[in-house]
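Trainee: Read off the chains here:
There are 2 protein chains.
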Amino acid sequence: MRKNSRIVLALDETDEKKALRVVDEVGDLVDAIKINWPLVLSSGPEMITELARRSPVICDFKVADIPNTVRLIAEQAFRRGASGLIVHAFTGSDSLKAAVQAADGKDIFVVTEMSHPGGQEFTASLAERFAAMAVESGARGVIAPATRPERIARIRQAVGDLLILSPGVGAQGGSASAAIANGADHVIVGRAIYGAEQPREAAESIAREIASLRGC
Amino acid sequence: MRKNSRIVLALDETDEKKALRVVDEVGDLVDAIKINWPLVLSSGPEMITELARRSPVICDFKVADIPNTVRLIAEQAFRRGASGLIVHAFTGSDSLKAAVQAADGKDIFVVTEMSHPGGQEFTASLAERFAAMAVESGARGVIAPATRPERIARIRQAVGDLLILSPGVGAQGGSASAAIANGADHVIVGRAIYGAEQPREAAESIAREIASLRGC
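Residue numbers (the numbering used here), protein chains in the order written: chain A, 2 to 217; chain B, 2 to 217.
Extracted from the complex, chain A is given alone in its bound form (with noise of 0.2 Å):
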């Protein structure tokens, strides 16, 4: 995964003309694309192929099912062009191990905590063994909330060198510099990209908010 501006367009239209346009749009700015169920189910799994030849596309299909399962998910996201995909860790090592495999060197996100106010019943808790897992399976890197920082900064800890995407950046609160200083390699930005009257504008800001960080 490429590593420039560290923001990841978070393409949560489902709308497909409008999807593409915001992509034509800042598609060279963004690190890559995430795309998740409701733009493949409105659109169809072409999108991404469609997709992936404008930016790298992770499928953010939060896979939570049995090894076999997860093995035809996988592979059916790559074969249609996909960089990247995001699974849940809750399902346990084997379901893991299944899509690390089937990714076959291709990139494995593990979610770790969520953003929404029920991530806290149960995913909370369970956030750095699920980081510690990640490690474990050979994923590539693990979805941590910019919208704690400092949960970003423990699951640093529990991940080593692997790579850390942060959610929740902009319309949900979180602040790309604030995730960035917490240890998180990439930052997810949907609406406040996507939703801004000039995207590509606002996307450029959010690039320099996290390059003045780095004293570039």
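Derived from the structure by calculation, the hints contain no laboratory data. Be careful, since some hints might not be right.
[Said to hold, decoys possible] So these bits of chain B aren't anywhere near chain A, every CB distance computed over 10 Å:
| # | residue |
| --- | --- |
| 1 | Lys18 |
| 2 | Gly28 |
| 3 | Asp29 |
| 4 | Pro46 |
| 5 | Arg55 |
| 6 | Asp66 |
| 7 | Gln77 |
| 8 | Lys107 |
| 9 | Gly120 |
| 10 | Glu122 |
| 11 | Gly161 |
| 12 | Ala208 |
| 13 | Glu210 |
[As the list claims (entries may be wrong)] Partial list, computed: chain A residues near chain B (C-beta under 7 Å):
| # | residue |
| --- | --- |
| 14 | Asp32 |
| 15 | Gln77 |
| 16 | Ser96 |
| 17 | Pro118 |
| 18 | Gly174 |
| 19 | Ser176 |
Because the structure is a prediction, the values reported are computed rather than measured. Even glycine gets a Cβ: it sits at the ideal position worked out from N, Cα and C.
Given chain A, put chain B in place with the hints provided.
Mentor: Same frame as chain A, now just chain B:
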């Protein structure tokens, strides 16, 4: 959801033609067809609509995301013709409620325990809490493994008159009659039907096993 043969066909084929052939053969014998993401990724979301013309479709998407994404996935699955949707509870009560609200009277089923070894790491010990969350959220039913019929009996106590659907019958070693005797409303059968040389005979044989148990 109809309740005749008490069989739900797990259509774990990723080959669209084979999938449709099996459904044409046994669609009238089963109470519903359960499909998963691999078929959507290989054939496209139109497959939901195509299958729903033949039999009620349960989308086994094991949704595990923040409430807004859960809502979008549910809306799109039902818009495509699904009658039911399978979701996880471990992402919290708010995500579960978002699914039930988006279903708008259609069926949400909540995973309690999973049948693979990794299911013992986190979900098994939480199964009864997940079952209670299914009741509180207004879900239509739960998923509990036929490979552990004694667990079905415990889950039955927790869910009252909610439906229990039990996967793992046949190829994975679970018995249809043991699952039903312990409180399952439907058994979910995959390879034992679609992988059989005579899928219709295989389905009829399981239906007879279940019917004989009920003294019909």
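Trainee: Decide, hint by hint, whether the structure agrees.
Mentor: Cross-check of the supplied hints:
1. No beta-carbon of chain A is positioned within 10 Å of the beta-carbon of Lys18(B); the least distance is around 17 Å.
2. The beta carbon of Gly28(B) is kept farther than 10 Å from every beta carbon of chain A, the shortest such distance being approximately 22 Å.
3. A cut-off of 10 Å between C-beta atoms confirms that Asp29(B) is not in contact with chain A; the least separation is 27 Å.
4. Non-interface call for Pro46(B) relative to chain A: violated, since the shortest CB-CB distance, roughly 5 Å, does not exceed 10 Å.
5. At roughly 20 Å, the least C-beta separation between Arg55(B) and chain A is larger than 10 Å, which holds for a residue marked as non-interface.
6. Remark: the non-interface label on Asp66(B) conflicts with the geometry, its nearest Cβ contact in chain A lying 5 Å away (cut-off 10 Å).
7. Chain A draws Gln77(B) into its interface by the beta-carbon criterion, the shortest separation being 4 Å against a cut-off of 10 Å.
8. Lys107(B), annotated as away from the interface, keeps every beta carbon of chain A farther than 10 Å; the closest lies near 15 Å.
9. With a cut of 10 Å on Cβ distances, Gly120(B) falls inside the contact zone with chain A, its closest approach being about 6 Å.
10. Against chain A, the non-interface label of Glu122(B) is violated: not every CB pair exceeds 10 Å, the least being about 4 Å.
11. Once the 10 Å rule is applied to beta carbons, Gly161(B) is consistent with being away from chain A; the minimum gap is 22 Å.
12. With a cut of 10 Å on Cβ distances, Ala208(B) stays outside the contact zone with chain A, its closest approach being about 25 Å.
13. A cut-off of 10 Å between C-beta atoms confirms that Glu210(B) is not in contact with chain A; the least separation is 24 Å.
14. Taken as an interface hint, Asp32(A) does not check out: its beta carbon lies about 22 Å from the nearest beta carbon of chain B, beyond 7 Å.
15. Interface hint status for Gln77(A): upheld, as the beta-carbon distance to the closest one in chain B is roughly 4 Å, under 7 Å.
16. At about 5 Å, the closest approach between the beta carbon of Ser96(A) and any beta carbon in chain B falls short of 7 Å, and the interface hint on this residue holds.
17. Interface hint at Pro118(A): satisfied, since its Cβ lies 6 Å from the closest Cβ of chain B, which is below the 7 Å cut-off.
18. Checking Gly174(A) against chain B: minimum C-beta separation of about 14 Å lies over 7 Å; hint violated.
19. Among the interface hints, the one on Ser176(A) is violated; its C-beta lies about 19 Å from the nearest C-beta in chain B, farther than the 7 Å criterion.
Going down the numbered hints, you'll see the structure goes against 4, 6, 7, 9, 10, 14, 18 and 19, while the others check out.
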